[in-house]
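Visitor: Spelled out from the first residue to the last, the chains are:
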Amino acid sequence: MANGKPDVLNQITEREYQYGFVSEVEADQIPKGLNEEIITLISQKKKEPAFLLEFRLKAYRHWLKMREPQWANVHYPPINYQDIVYYSAPKSKKKLSSMDEVDPEVRKTFEKLGIPLEEQKMLSNVAVDAVFDSVSVATTFKKTLSDAGVIFCPFSEAAIEHPDLVEKYLGSVVPYTDNFFAALNSAVFSDGSFCYVPKGVRCPMELSTYFRINAKETGQFERTLIIAEEGASVSYLEGCTAPMRDENQLHAAIVELVALDNAQIKYSTIQNWYPGDKNGKGGIYNFVTKRGKCQGKNSKISWTQVETGSAITWKYPSCLLLGDNSIGEFYSVALANHYQQADTGTKMIHIGKNTKSTIISKGISAGHGQNTYRGLVKIAKGAESSRNYSQCDSLLMGNLCGAHTFPTLEVGNTSSQIEHEATTSKIGEDQLFYLRSRGLSAEDAVGLIVNGFCKEVFQELPIEFAVEAHKLLSISLEGAVG
Amino acid sequence: MKEAVLEKFPLELEFEQALPYLPAGDVPWVERLRKRSFERFTQTGFPNEQTPGWKFFPASKIQETPWKLFEFPMNARVADLRSSSLLAKENGFSLTFFNGYYLPDLKSPRSEGFIAASLAALLKNNPERFENFWGHRPVGSLGAFEALNGSLFQDGAAIVLPQGFSSLNPIHLFSLNHPLNHAAMTHPLNLIALGPRSKAVIIQEYAGQAGVCLNNTVTEIFLDEGAQLDLIVLEREGAGSFHLESIAVHQASSSRFSVSSVFLGESSSRQEISVELQGENAECQINGLYRPSASQSKNIKTTITHFKPNTRSVELYKGILDGQGKAAFEGLIVVKPEAQKTDASLHNKNLILSEEAQVHTSPEFKIEADDVRCKHGSAIGQMDLSALFYLKSRGLGDKEAREALIYAFQSEIISAIPVESVRTAILGLLSQRSGLGDLSHES
Amino acid sequence: MLEIKNLCAKIGDKQILKGINLTVKAGEVHAIMGPNGSGKSTLSYILAGREGYEVTDGQVLYEGKDLLSMPTEVRSREGVFLAFQYPVEIHGVTNKYFLKAAVNAKLKHQGKTEMSAGQFLSFVKEKAKTVEMDEALLSRQVNAGFSGGEKKRNEILQMAALEPKLAILDETDSGLDIDALKIVSHGINVMRGPQRSFLVITHYQRLLDYVVPDFVHVLSDGRIIRSGGKELAYQLEKEGYAWAKEEFAGLKG
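Protein chains in written order, with the numbering used here: chain Y, 25 to 506; chain W, 480 to 922; chain H, 1273 to 1525.
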């Protein structure tokens, strides 16, 4: 018994990050720094249409006038935005015509991460877009998808092949003026995934993007745009890892979702960026703006996230419920171990009539971790008969960590209802003893309790990834229990 | 804000002119305290509707108004004023303040065995007694209105109970404001100190007529080991007035504090409560009911900090919003690393009765200890239609059924008020407002 | 099977056990009775390995091995089972999942192949049937929202699945109505066998009407003050613990 807590809690939170290797890949990098020339260079490298460069420059000029947000419950030294490489790509000798031409080192990297890029080796019902540093290196199952009419490709390809769609929807949910990091991303975003599901089509497989930061001193600024036309539905999952490095790296992404009448988008994230070592050195700053717009009536957007990585997480996947009867959901597990800081939550903005939202947030704090839930539920005057239910639970492991809950609820009419519940608890010694007296090791006992705590969120994940999330959480907690 | 300083900070002139006339103006530490507090006020400036935690409160209206301090009411007589009290018929110990000034009441029984008097008088005669409490008061964390109170306070109640003393009857602090033909303000400062294992019930009643006035009260409460205080706050100030009150409670080990606040006035009001559980086994219970209608706004902000192990806090605020009423509730529970075995609960429930009403609620936690039981909840909703239907199917008219449900909603707060006569008086007031008979006897 | 020699233990500064001696052979059922505060629960917790107790003297041998040096989970995998007086709730985890993890931990410990989900399900359903438990219990979260009786029945179901060699039942009868008591006792009785020993800790003789012990011991103030056959339980019920205490004092004097 150290510090009055079971030793078992110490050991589990001490394990090392498993995806921290670096791949030797020759990279095409531009110089460090940020100015209009750099932005123009990125745009040229990607052979973008003119409207995109214009969009980037407008965003950049706006960004110059903005200040970094200070309100979140996270602390980090000032970021020097001129000391970041904004574009880095594995050097390709020629244009890829098939999977076999992917740089073997890059392919090996993804294989090591459990994401084989050969279709026959993959889970047969998941299409993957693999993003390595600033660019997409491979997209699988393109054929199967295009037969169904679904466009799933790297963002930079979409900008060239489907400029009308990109121009129509880019920035329509998250305008570049939205916040400091959104403006930065809009200026320098390098790649990401684009998905368009046409009217009435149910996407025949899970879509997935796997993000990997490899190069040093680079930032990753991807941009994802998913559009589900009337009656369409799609389930999308992203995963992410990065090497272990002593310096912090910046990841500032934007995700925009648009759901039209009767459309459904399910967006799941398993975020496992390098969290820094157990003394808080290194790790990714994960400053992300994610927002979905339920534009059409009866539309539904559902966010599920399992946030175990990153030194700092700052993200609030939100739903704008414009269409009548539209539904927004947010299911989150956020873990803050060692010196990790997580400030995450959601905004549910009810505008349409009879809209519904559900928020289930599970925060786990261990070591010196600081976990904050921050949420806003706003039911506008015209959003008659709307409902929200929120539940925020915190689990504390050890007495050096912190759990914070900052929900804000507002209702502007008499026919709507909001309900919010929150609890804070710890793993009881009696629970540990009970499980161990049935033969479970201390680590398994903690894993069992934690997974039980997160159950309501895990069951929202696509089945292929629920198991992975389960394991990931146990691994990330190893060393949290002694 | 810098520009504001250049063109003379609001109220600066008023402060300079009033300073020599404020009580104990010649006592150096009091003067220092006032000046430091005013300096703090110039740092914070007035909040506005965009200031975090001040949503829906018309603070900018306060800023725009040319306030003057109330002058001493020369011709007021307690006997004429007491009738405005909801508790006029009570004959326990009471102190009456008119436009912020203490008026001696010959009919009130004397306080025996404890001190209950005008703070201004005590401060004049015995300033060194208070130096410990306020001489070194840190002003750096004060909010704008607390700082303003610290610089301009002119009177208030001082209640000091010695060790082991138990006050049998409630102590009634009655504050009545009659607005003048100019915008007038008052900044009462109350000190309540309970010695070890002493016990008291204190009622703070605020009443006032319609008109532009500002009552900015600060109450500092110190509870020594094992002391018990039940506080009742009853606000029914007049339309057009602003009611701000800040209650700061410091609790030693095994002390117990409860407060029940009922906001029924037509003012725009704001209550800030801060409780520091500084000793083991200290506990507090914070209850409140607010009922803004017309275009009033009610603002509640509470902070409970658990510093020591085995401390408990229970908080419940309920709001009923009608007309264009607005309310914002912000509750924060802080559990410091040392405060293991903390048990805290924080709840806020709101009933919205009209399309124009608005409510904002934010129950917050900051938890740094791991062995704690904390829960919070908040709800915003409207009348339960099935319950309404049920009552109507048993023969109640629509209005009666609605009032019955409102009665049920608020009864959780009212029934926790520890003094029966106050409960009855409030229920009377509530049923008078609804135009129905007294529901309390039907339940 | 189990040999407790002069076991002394304290919590903080408080000496709870003051020299317990007890030998349990394979197949025997021993009942330990005693008033509140006599040290019954402490004894069961120490045998199962709960933290917070300091063994100041004595030894416990289980199948000839030093039981006290084994971690809690190893004791369980070696065949020691404690049915809790107050079973603990684990939210979000189903009984099925939990029991499978426990059974497989034991199989792995024994160097046997672990069971697949399907194998386990038919195994545990069979077990539920033998102890006449509703298999609906399996799909519910571990003890969460269970009534007092359901919790105790769940303990018996776990015992059946884990097939211990030594089962310690800590006040399993407390808080049970007569029907639940019968079900629980039935579960225990079908588990009785030549290779399995029981230590039944109880305050009342009531349970012993259904689970008939081979030996009864009276625990008082941290010592076993009297041992005998099942008739001792009836005598205690009739004459109270004071009688046994007096006699013990007489013996010592």
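If you're looking for bench data, these hints aren't it; they were derived computationally from the structure.
Accuracy of the hints is not assured; some may be wrong.
[What the hints assert, rightly or not] Under the rule of at most 25 Å between Cα atoms (straight-line distance), these lysine to any residue pairs were calculated in the SDA-like manner:
id : chain 1 : residue 1 : chain 2 : residue 2
1  : Y       : Lys402    : W       : Arg715
2  : Y       : Lys380    : W       : His839
3  : W       : Lys603    : W       : Ser725
4  : Y       : Lys377    : Y       : Ser465
5  : W       : Lys854    : Y       : Glu443
6  : W       : Lys780    : Y       : Thr201
7  : H       : Lys1380   : Y       : Ser465
8  : W       : Lys780    : W       : Leu867
9  : W       : Lys534    : Y       : Glu443
Visitor: Is lysine 534 of chain W within 25 Å of glutamate 443 of chain Y, Cα to Cα?
Guide: holds (20 Å)
Visitor: Can you confirm whether the C-alpha distance between lysine 377 of chain Y and serine 465 of chain Y stays at or below 25 Å?
Guide: violated (51 Å)
Visitor: Check the hint pairing lysine 1380 of chain H with serine 465 of chain Y against an upper bound of 25 Å on the C-alpha distance.
Guide: This hinted pair holds, its Cα atoms lying about 12 Å apart.
Visitor: Take the C-alpha atoms of lysine 603 of chain W and serine 725 of chain W, compute the straight-line distance between them, and say whether it is at most 25 Å.
Guide: Measuring from Cα to Cα gives roughly 24 Å; hence the hint holds.
Visitor: Is the hinted pair lysine 780 of chain W and threonine 201 of chain Y satisfied, with a Cα-Cα distance of at most 25 Å?
Guide: Since the Cα atoms of lysine 780 of chain W and threonine 201 of chain Y sit roughly 32 Å apart, the hinted pair is violated (cutoff 25 Å).
Visitor: Tell me if the straight-line CA distance from lysine 780 of chain W to leucine 867 of chain W falls inside 25 Å.
Guide: Roughly 32 Å separates the two Cα atoms, so the pair is violated.
Visitor: Can the restraint linking lysine 402 of chain Y and arginine 715 of chain W be considered satisfied, given a maximum Cα separation of 25 Å?
Guide: Not OK: lysine 402 of chain Y and arginine 715 of chain W at ~30 Å, beyond 25 Å, violated.
Visitor: Holds or violated: are the alpha carbons of lysine 854 of chain W and glutamate 443 of chain Y at most 25 Å from each other?
Guide: Holds: lysine 854 of chain W and glutamate 443 of chain Y sit about 14 Å apart, inside 25 Å.
Visitor: Check whether the Cα positions of lysine 380 of chain Y and histidine 839 of chain W lie no farther apart than 25 Å.
Guide: Judged against 25 Å, a Cα distance of about 18 Å means the pair holds.
Of the numbered hints given earlier, the model fails hints 1, 4, 6, 8; all others are met.
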